[in-house]
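Since the structure of chain A is provided, determine the placement of chain B on it from the hints.
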Amino acid sequence: MKMIKFLALGIVFGITLSKAEIISWYRIYEMFHFDSFHMYGVIGSAVGLGLLSIQVIKHLKIKNLYGSEIFISDKTGGYQRYLFGGILFGLGWALVGACPGPMFILLGYGYLSILIVILGAIVGTFLYGIVRQRLPH
Amino acid sequence: MEILLDPWPWYIAGPLIALNMFLLIYFGETFGVSSNLRTICAMSGAKKYSEFFDFNWRNQIWNVVFIVGAGIGGYVSSTYLSSDVGVHLSMASINSLKDIGIASSSAFLPEEIFSFDRLCSFSGFMTLLFGGVLVGFGARYAGGCTSGHAITGLSSMQLPSLIAVIGFFVGGLVMTHFLLPFIIQL
Numbered sequence: 007m008k009m010i011k012f013l014a015l016g017i018v019f020g021i022t023l024s025k026a027e028i029i030s031w032y033r034i035y036e037m038f039h040f041d042s043f044h045m046y047g048v049i050g051s052a053v054g055l056g057l058l059s060i061q062v063i064k065h066l067k068i069k070n071l072y073g074s075e076i077f078i079s080d081k082t083g084g085y086q087r088y089l090f091g092g093i094l095f096g097l098g099w100a101l102v103g104a105c106p107g108p109m110f111i112l113l114g115y116g117y118l119s120i121l122i123v124i125l126g127a128i129v130g131t132f133l134y135g136i137v138r139q140r141l142p143h
Numbered sequence: 039m040e041i042l043l044d045p046w047p048w049y050i051a052g053p054l055i056a057l058n059m060f061l062l063i064y065f066g067e068t069f070g071v072s073s074n075l076r077t078i079c080a081m082s083g084a085k086k087y088s089e090f091f092d093f094n095w096r097n098q099i100w101n102v103v104f105i106v107g108a109g110i111g112g113y114v115s116s117t118y119l120s121s122d123v124g125v126h127l128s129m130a131s132i133n134s135l136k137d138i139g140i141a142s143s144s145a146f147l148p149e150e151i152f153s154f155d156r157l158c159s160f161s162g163f164m165t166l167l168f169g170g171v172l173v174g175f176g177a178r179y180a181g182g183c184t185s186g187h188a189i190t191g192l193s194s195m196q197l198p199s200l201i202a203v204i205g206f207f208v209g210g211l212v213m214t215h216f217l218l219p220f221i222i223q224l
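From first to last, the protein sequence lines stand for chains A and B.
In this text, residue positions in the first sequence follow the working numbering: the first is 7, and each later residue adds one.
In this text, residue positions in the second sequence follow the working numbering: the first is 39, and each later residue adds one.
If you're looking for bench data, these hints aren't it; they were derived computationally from the structure.
Treat the hints with caution; some may be incorrect.
[Unchecked claim] Stretch-level coverage of chain B by chain A, calculated; a stretch enters the list once three of its residues show a Cβ under 8 Å from a Cβ in chain A:
hint, stretch
1, 48-59
2, 70-80
3, 107-119
4, 146-153
5, 211-221
Idealized CB from N, CA, C, for every residue including glycine.
Isolated chain A, as found in the complex:
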C-alpha cells in the first residue's frame, strides 16, 4: 500500500506533462530554437518554486513523512562527467524530443514507436555501466 502514493504522483506527473505538451517533440524543437516561452516558463516556475520549497524545508527543519530529517544529497565529483554527459544527453533529447519521463508517458499515450527509444535508453544506460571506468569523471 506504501506504493499507492507513488503511483498517484506518477499519474499526476503523466497528466501534467501530457496536458502542458511537455511530451511534445515539437515543443522541445521550439525550445531549442528559442521560439516560445512555454518550456522556459514550465522549467523556470518549477525551479523557482522548488528553490523556495527547499529553502522552507531547510529553515523550518521540516521532517519527512517518516519523521526523519530531509536531506538532499549533493552531486559530487569533477565537472567533466556533468559537461560531457550533459552534452550527450542534450544531443539525444533534441533528436527524439523526449527525456526519460516523457518517454514512458508517450508510450502510455499510445505512441508505440517510442518503445525503440526506450529500448535505446536502456541499452545506453547498460553501455555506460560497461565503459564508465574508462571515461573521465
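For chain B alone, coordinates are given in the frame of chain A:
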C-alpha cells in the same frame, strides 16, 4: 471541464512539477526519472556484466511504480482528457520545420521521424535507437536527467547540476540546429 481539456499553460504545469518534487522528497525519496533505466538494467540481471548494476534495486521499486503511474497518466490524458486543439507552435518554428521537411501536426511526435514506415527503414530505426542510446548513456554519465538536474539539482542550488543543464543545452542546440536537418534526410 473545459479547463482540464484545453492545453495547460506553463504556470499550471511548472508549479505542479515543483509540487511533485516536494511530495517525493516528503515521502522520503527524490525526483529523478532516469534512475529507472539503471534499475531496469539491474532487474534484468546486468550485474553479471558490471558492478554498476550490483545494488539493491528493490529499494528503487517506488520509482518504477512512479513511471508506471506516469504512463497511466499519459493513457488517461489521451483517452479522457484530449482535445482536438493540437500544439500551438510559434510561426517561426512552423516555418523552420517546413524548411527541413517536417510538417507541423496536432500529434506529439512528427510522422517524419516516428511513423511506422520510418521505423521499418534501417535509417529510421537507427535514428530512434541511437537517440535513445544518447539519452540513456548521457543521463547516467551526467548522473541525472531533466528531473534530477534541471529541476531537483537547480532547486537545491548545486553547481554540478548547472553544468549538466548547460551541457543539455549545448548538445540540444547542436542537434536541433546543425545535425537534425541532415539526419532527417537519411
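Against the structure, the hints come out as follows:
Against chain A, the stretch 48-59 of chain B contributes 12 residues with a C-beta closer than 8 Å to a partner C-beta. That satisfies the three-residue criterion, and the hint holds. For the stretch 70-80 of chain B, the proposed coverage by chain A is satisfied: 7 residues have a C-beta within less than 8 Å of a C-beta in that chain, meeting the threshold of three. Under the rule that three or more residues need a Cβ within less than 8 Å of chain A, the assignment of the stretch 107-119 of chain B holds, with 11 such residues. By the rule of at least three residues with a Cβ nearer than 8 Å to a Cβ of chain A, the coverage given for the stretch 146-153 of chain B holds, with 6 such residues.
Interface restraint, the stretch 211-221 of chain B with chain A: holds (8 residues with C-beta to C-beta distance below 8 Å; minimum three).
In summary, the structure agrees with every hint in the numbered list given earlier.
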